[in-house]
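2 protein chains.
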Amino acid sequence: MGVVLNLENGKREAASIGQLIELTSGDMGRVNELILSKAGSDVQMIPEVANHLISSGGKRLRPMVTLAAAQMFGYSGDGHVKLATSVEFMHTATLLHDDVVDESGMRRGKKTARMIWGNQASVLVGDFLLGQAFRMMVDVGSLEALDILSTAATVIAEGEVMQLAAAKNLETTEDEHFAVIKAKTAALFSAAAEVGPVIAGATRNDRAALRSYGMNLGLAFQLIDDALDYGGSSKDLGKNVGDDFREGKVTLPVILSYRRGTPAERNFWKKAIEENVTDDASLEKAVGLMKRHGAIADTIGRAGHFGGIARDALAPLESTPQKQALLEVIDFCISRVA
Amino acid sequence: MGVVLNLENGKREAASIGQLIELTSGDMGRVNELILSKAGSDVQMIPEVANHLISSGGKRLRPMVTLAAAQMFGYSGDGHVKLATSVEFMHTATLLHDDVVDESGMRRGKKTARMIWGNQASVLVGDFLLGQAFRMMVDVGSLEALDILSTAATVIAEGEVMQLAAAKNLETTEDEHFAVIKAKTAALFSAAAEVGPVIAGATRNDRAALRSYGMNLGLAFQLIDDALDYGGSSKDLGKNVGDDFREGKVTLPVILSYRRGTPAERNFWKKAIEENVTDDASLEKAVGLMKRHGAIADTIGRAGHFGGIARDALAPLESTPQKQALLEVIDFCISRVA
Numbered sequence: 001m002g003v004v005l006n007l008e009n010g011k012r013e014a015a016s017i018g019q020l021i022e023l024t025s026g027d028m029g030r031v032n033e034l035i036l037s038k039a040g041s042d043v044q045m046i047p048e049v050a051n052h053l054i055s056s057g058g059k060r061l062r063p064m065v066t067l068a069a070a071q072m073f074g075y076s077g078d079g080h081v082k083l084a085t086s087v088e089f090m091h092t093a094t095l096l097h098d099d100v101v102d103e104s105g106m107r108r109g110k111k112t113a114r115m116i117w118g119n120q121a122s123v124l125v126g127d128f129l130l131g132q133a134f135r136m137m138v139d140v141g142s143l144e145a146l147d148i149l150s151t152a153a154t155v156i157a158e159g160e161v162m163q164l165a166a167a168k169n170l171e172t173t174e175d176e177h178f179a180v181i182k183a184k185t186a187a188l189f190s191a192a193a194e195v196g197p198v199i200a201g202a203t204r205n206d207r208a209a210l211r212s213y214g215m216n217l218g219l220a221f222q223l224i225d226d227a228l229d230y231g232g233s234s235k236d237l238g239k240n241v242g243d244d245f246r247e248g249k250v251t252l253p254v255i256l257s258y259r260r261g262t263p264a265e266r267n268f269w270k271k272a273i274e275e276n277v278t279d280d281a282s283l284e285k286a287v288g289l290m291k292r293h294g295a296i297a298d299t300i301g302r303a304g305h306f307g308g309i310a311r312d313a314l315a316p317l318e319s320t321p322q323k324q325a326l327l328e329v330i331d332f333c334i335s336r337v338a
Numbered sequence: 001m002g003v004v005l006n007l008e009n010g011k012r013e014a015a016s017i018g019q020l021i022e023l024t025s026g027d028m029g030r031v032n033e034l035i036l037s038k039a040g041s042d043v044q045m046i047p048e049v050a051n052h053l054i055s056s057g058g059k060r061l062r063p064m065v066t067l068a069a070a071q072m073f074g075y076s077g078d079g080h081v082k083l084a085t086s087v088e089f090m091h092t093a094t095l096l097h098d099d100v101v102d103e104s105g106m107r108r109g110k111k112t113a114r115m116i117w118g119n120q121a122s123v124l125v126g127d128f129l130l131g132q133a134f135r136m137m138v139d140v141g142s143l144e145a146l147d148i149l150s151t152a153a154t155v156i157a158e159g160e161v162m163q164l165a166a167a168k169n170l171e172t173t174e175d176e177h178f179a180v181i182k183a184k185t186a187a188l189f190s191a192a193a194e195v196g197p198v199i200a201g202a203t204r205n206d207r208a209a210l211r212s213y214g215m216n217l218g219l220a221f222q223l224i225d226d227a228l229d230y231g232g233s234s235k236d237l238g239k240n241v242g243d244d245f246r247e248g249k250v251t252l253p254v255i256l257s258y259r260r261g262t263p264a265e266r267n268f269w270k271k272a273i274e275e276n277v278t279d280d281a282s283l284e285k286a287v288g289l290m291k292r293h294g295a296i297a298d299t300i301g302r303a304g305h306f307g308g309i310a311r312d313a314l315a316p317l318e319s320t321p322q323k324q325a326l327l328e329v330i331d332f333c334i335s336r337v338a
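Residue numbers (the working numbering), protein chains in the order written: chain S, 1 to 338; chain E, 1 to 338.
Okay, chain S solo, but in the shape it has when bound (with noise of 0.2 Å):
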């Protein structure tokens, strides 16, 4: 792949989150439990739908989050297992609407829930997911967690709507395509990572660092998932390159790209975006494009922007294996384009 990322510690190669999943395997196991148990149900249908994309071999990284944050704050309960698995039903149920919403194929490297089992089942299990992940945090009974969460699940479908409103606008400005990733993507993470000190009962200091952490490696883990589309390999990502050009998203590369060209690349843009002309030869040229005007790097380089903001955000925090290992997840997300 054209893109190399340089780290700040000069390391080359890729980062891993090896330690977050150190420190969280034993709590990962009741998670991945509970998520089974949690997508269960008398109606075949659901636990079917529900455990294709959930057996896809996602990282759950937002779980992991939400534990390493619960128990970097000294939590002893079992809320936190409960709750990261609430967490990962939201992000499930939005990804089986959102296949719907963009009619998607593959996810993953897997055909898509709506390409087996058709649009209906998907909006609906999705549904069933939104609810179970809703009653999962009843049961833990923090009335703050239960705010924080419901409220991304707001800004989320919110969030959603923004892209959906301005699909196919190439004069997207890089603040609107911002306040969209931040929405529907960055809320999640955050609320994933505020609410493990919320119910370990640490300070308003403490929950206003992992919030912002969690947003800030939302923003970073999203851009750098949009230059991956145009740079990474299908194996990586579990999904093919050129995914989004050949869906016509405005992500940040084409922004940039877009701004950045002459007059006959912007029609170029827009017969690509606008008018689906999206054929390999197509493809290659938007991947040309983007490395002439800079725009795969420079998008990695706002996510290194963001990452940093996410760094900063611990830095007042005492020094624990959690605290690194939440530091390492930046690294990752980041080093993944390398």
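If you are wondering where the hints come from, they were derived from the structure by calculation, not from laboratory data.
A portion of the hints provided could be inaccurate.
What the hints assert, rightly or not - Straight-line alpha carbon distances no greater than 30 Å define the calculated DSSO-like cross-link-like pairs of lysine-lysine that follow: (1) S/168 with E/110; (2) S/249 with E/111; (3) E/111 with S/168; (4) E/249 with S/111; (5) E/110 with S/111.
To be verified - Chain E is nowhere near these chain S residues, computed Cβ spacing over 10 Å in every case: (6) 157; (7) 268; (8) 305; (9) 317; (10) 323.
Since the structure is predicted, the reported quantities are computational estimates derived from the model, not experimental observations.
Every residue, glycine too, gets a C-beta built ideally from N, C-alpha and C.
Once you have looked at the hints, place chain E on chain S.
Just chain E now, with coordinates in the frame of chain S:
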């Protein structure tokens, strides 16, 4: 229409919900304000889509039930207004998703949101309203009410999937069908009724009474709705006679006609439901077969059965204007076919 209902008291004119409307009119003013404000968003498409459905003249029966049920036990805060609004938002979200699942063109006499703004907007605005519903519940702060309503959200989705899995299956038994409508329709009526006594701090028995009232009212309501689709006028119903038939829905009038039919008649039903032969002549024949086998009358009879259980659920409660109003709702639901 051919079906005239004999109410228990011998009256043949339609019952009304006048008493319920009167008792809750002050609170409903606040519910309606809250609906408008909580359907608002800086993302312009959200209030557009939401208000299209919200302003289309639903009766708002569910929130009125919540308000009356809270008043009945002397509730004096403002939580019942928020919970009633949550209930209406859950209902609205379900309708938005239902129209996508059923590919419906009309709802309450207007084009469905999906015909104007697309399936995507309907899915996402539904998600937004569901998120807002949960935020309002959280704001009320009753974990018991949250438990009841979040469980209902899950059960509703489960019921919808059950219905999807049984779609076009003419061998569906009456019991299987009751399980579907109990989940997809009656669960929300039940929750709407139960949260009233819950926030009023009523006894366990009072809660159980209202829960049972709501569940059986919901069953009666849905059965009458299904009967009306083969015998109501489109003015009353906000949808056209035969909509269910044209969508190939296996409702109780169809189930009864199919089970009671001759082999030739069953072939007719298979053509209609499984192969979509649903022209006007087929609809006329379908209604004729239903009359021959008493399928509509017996659907109404089953509704009367559940209505009777709903009535007896409230029997031990002290006589109050609220109780009287809730009893009238039963008659109203059933007399819609008169």
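Hints versus structure:
1. S/168 with E/110: holds, 29 Å
2. S/249 with E/111: holds, 29 Å
3. E/111 with S/168: holds, 26 Å
4. E/249 with S/111: Since the Cα atoms of residue 249 of chain E and residue 111 of chain S sit roughly 29 Å apart, the hinted pair holds (cutoff 30 Å).
5. E/110 with S/111: violated, 36 Å
6. 157: violated, 4 Å
7. 268: holds, 26 Å
8. 305: holds, 25 Å
9. 317: Non-interface label on residue 317 of chain S holds, nearest chain E Cβ at 28 Å vs cutoff 10 Å.
10. 323: The claim stands: residue 323 of chain S keeps its Cβ more than 10 Å from every Cβ of chain E (closest is about 30 Å).
Checked against the numbered hints above, the structure breaks hints 5, 6 and satisfies the rest.
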